[in-house]
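Trainee: Let chain A serve as the given structure and place chain B on it in line with the hints.
Going down the list, the protein sequences come from chains A and B. Per the numbering used here, residue 1 is the first one in the first sequence, and the count goes up by one each step. Per the numbering used here, residue 1 is the first one in the second sequence, and the count goes up by one each step.
A hint or two may mislead.
Footprint (simulated), chain A over chain B, 3 or more residues, beta carbon under 8 angstroms [claimed, not checked]:
1. 75 to 89
2. 310 to 320
3. 328 to 340
4. 375 to 386
In short, the hints are calculated from the structure, not lab data. No residue lacks a Cβ here, since even glycine has one placed at the ideal position from N, Cα and C.
Number of protein chains: 2
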Amino acid sequence: MRRIFTNIGSLLSWSEKTQSMEYSKPDRLIVDKERISAIDQQAEKPDEIIDCQGALMTPALIDAHTHPVFAECRQNEFEMRIAGKSYLDIAAAGGGIKNSVRQLRKISEDELFDRSLPRARNFLTTGTATIEAKSGYGLSLNDELKSLRVIRRLNEALPLQLIPTFLGAHEIPDEYQNRRNEYISLLVDEMIPQVAASGLAEYCDVFADKGVFTRDEAELIFRGALENGLKLRVHADEFENLGVTELAAKMGAASADHLLVISEDGISAMKNSGTVAVLLPGTTFFLGKQDYAPARRIWDAGVTTALASDFNPGSSMTQNLQMIMTLACTQMKLSPLEAWQAVTINAARSLQREKIIGSLEIGKNADIALWDVSDYRIVPYWFGKNHLHALWINGSKVIC
Amino acid sequence: MRRIFTNIGSLLSWSEKTQSMEYSKPDRLIVDKERISAIDQQAEKPDEIIDCQGALMTPALIDAHTHPVFAECRQNEFEMRIAGKSYLDIAAAGGGIKNSVRQLRKISEDELFDRSLPRARNFLTTGTATIEAKSGYGLSLNDELKSLRVIRRLNEALPLQLIPTFLGAHEIPDEYQNRRNEYISLLVDEMIPQVAASGLAEYCDVFADKGVFTRDEAELIFRGALENGLKLRVHADEFENLGVTELAAKMGAASADHLLVISEDGISAMKNSGTVAVLLPGTTFFLGKQDYAPARRIWDAGVTTALASDFNPGSSMTQNLQMIMTLACTQMKLSPLEAWQAVTINAARSLQREKIIGSLEIGKNADIALWDVSDYRIVPYWFGKNHLHALWINGSKVIC
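Okay, chain A solo, but in the shape it has when bound (with noise of 0.2 angstroms):
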């Protein structure tokens, strides 16, 4: 199978030879079945010619930190914290983390997937092919194994890409409240082992911060991750400084994400180690917060940077990358050009999976996104609109 897209009004991704973002007018894109084959060539005898109508080119979307596998919404408790409630008052009332882990282990497998499938889905409207999906509301070895396992199906269901992370050090379940080393105990003795027997997860995730999982904790989970052969991702820095992101840094984990309150000591320790910095201004959006992570001087510093919705009924209810791109820009004064490379390439180096996707570039899965502009700056200046044309996922066109 070829395809032959041609008409392109232009086309913006990271070329590996420059080292930077190019914008430029190929007269052609050429995919053999799943993957770009040539740029700017001619190519015989193709199965389908598609006339881009002088559309924008980009590689599709990639968004690296999502928990997109919950039984509910929580609009009830964004109706509180509109109305003044503390986190406090709203864990009082049976919100929080812990809301979504009781509904969750309420509901069966196919109930949870049968919830979770049309919001998967609803990530490919907006230009997003791939995402990292996080469990984390089981806190249980077998409600953990259960949203892992719908993680998959979702996978095999859609042409949406989800790299499964395994994230039972999400919070400490109400069960283990006062005895916390036994929940660490499970998580480092029996889940993680399991967890990566079972082949669900690619990464283990720690949400290490005041009032969740300690340094020390995080270091002996992410040990145990390593061990048996995970890789690390970590939720680090977002309301309190424990110095997670050095030890995320210092272990080779593959991402820190948040960062609202990053130290030089942080920068500096994720520019030495590669470990790409993932940043969530959406959760800032939506908690009507006023301090975004320090974007430009993280990007500034060196260190890869992504940008992800960290999709989540609790904090952050979107999917929309193009709303995360006028997030960045006009909240945290990302450019225009550096929130695309956020949420393509450096989202691909954040997943480790740069060599595959993340540009379009000969070689690369044909994950192909068209937009209805003439100007890639329009996608985050023009905001709450849907500029996606058309998505092609592994060279097949998406229709949702």
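Mentor: Structure of chain B alone, referenced to chain A:
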């Protein structure tokens, strides 16, 4: 033509009877021709039965402040602002309102109409049926009349309802830079009388703020407008408090808009006059500022408060009132219910059309939105997603 809407999941609308937003579950809503004729009663001989499939029904949205007639997007200035350029830097590089004025003056009425048409149509896609539409990028008699004629033509060409406002006092044009009194005279003695005589505008607006028009100039322009039968709206208290809100209230303005730096006296004046506050959180967001208009204080003081997009290419490039509701909830701490009131009945009040639009009550226009949600709170909560299921204006289904 009789249409019966059945299988309504829930209906959210202002109720004139209870003077509050009511969340109900009627069995059916009946539309005869262009008006709502009955709710929850039996009806004979429908020409069409519409199965709402359990969707949420609300009044179609109303956008009380937009600048939809312009020649070109200004993504270049968006990029400059992110890079730290000041308003003065951008103006020195040929940017700002005057940039749009130069662009608009260069093109014909037909060309302006052609460019504005798809943008105007885009309001419909997110549930907006009615917009207030300002001129103000012409700043000469001919170019302002050209803009107002385009607004009339858009109103005729689309199901979207446009309510026209003359905004010749948007800026002092370059050719009057050192002769501002002459421009005020031109506005009062020539432009306002001719615009009023043309019947092309219902309101007159003035951008009265630091660096634009003074309070005294605004008073002269308002007086001219009232003498010629135009009603008043005003851009006030966005950058500096010049007492303009108090002036507008005293002169009976229908609305005062922006209000970021409104004083307690301003709030009292609006309360007493019945002038509606039109708040524009999209602008604060787009410009990357942190201090939103004090919506909570204005609302709690008893001032009727609407929300609008301020759609314009320089300072608020959005047309999506669902997104504006999210901004109002997360950044201004309006409740989801208040946000819905602000984009329906309160927006209608700011346009003095609360007798015919803004709620789903008997006798009102059948401007009806259906939403793919089970709970009205989900629309502001789940952001970056278009929740609109379908839209009717004056009883006819809108196809975008």
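Trainee: A separate judgement is required for each hint: does it hold in the structure or not?
Mentor: Structure-based check of all given hints:
With a cut-off of 8 angstroms between beta carbons, the segment 75 to 89 of chain B has 7 residues touching chain A; three or more are needed, and the interface restraint holds. Evaluation of the coverage hint for the segment 310 to 320 of chain B: fulfilled, as 4 residues show C-beta separations to chain A shorter than 8 angstroms, against a requirement of three. Only residues whose C-beta sits within less than 8 angstroms of a C-beta in chain A count toward coverage, and the segment 328 to 340 of chain B has 7 of them, enough to reach three; the restraint holds. Check on the segment 375 to 386 of chain B: 10 of its residues sit with their Cβ under 8 angstroms from a Cβ of chain A, so the three-residue criterion for coverage holds.
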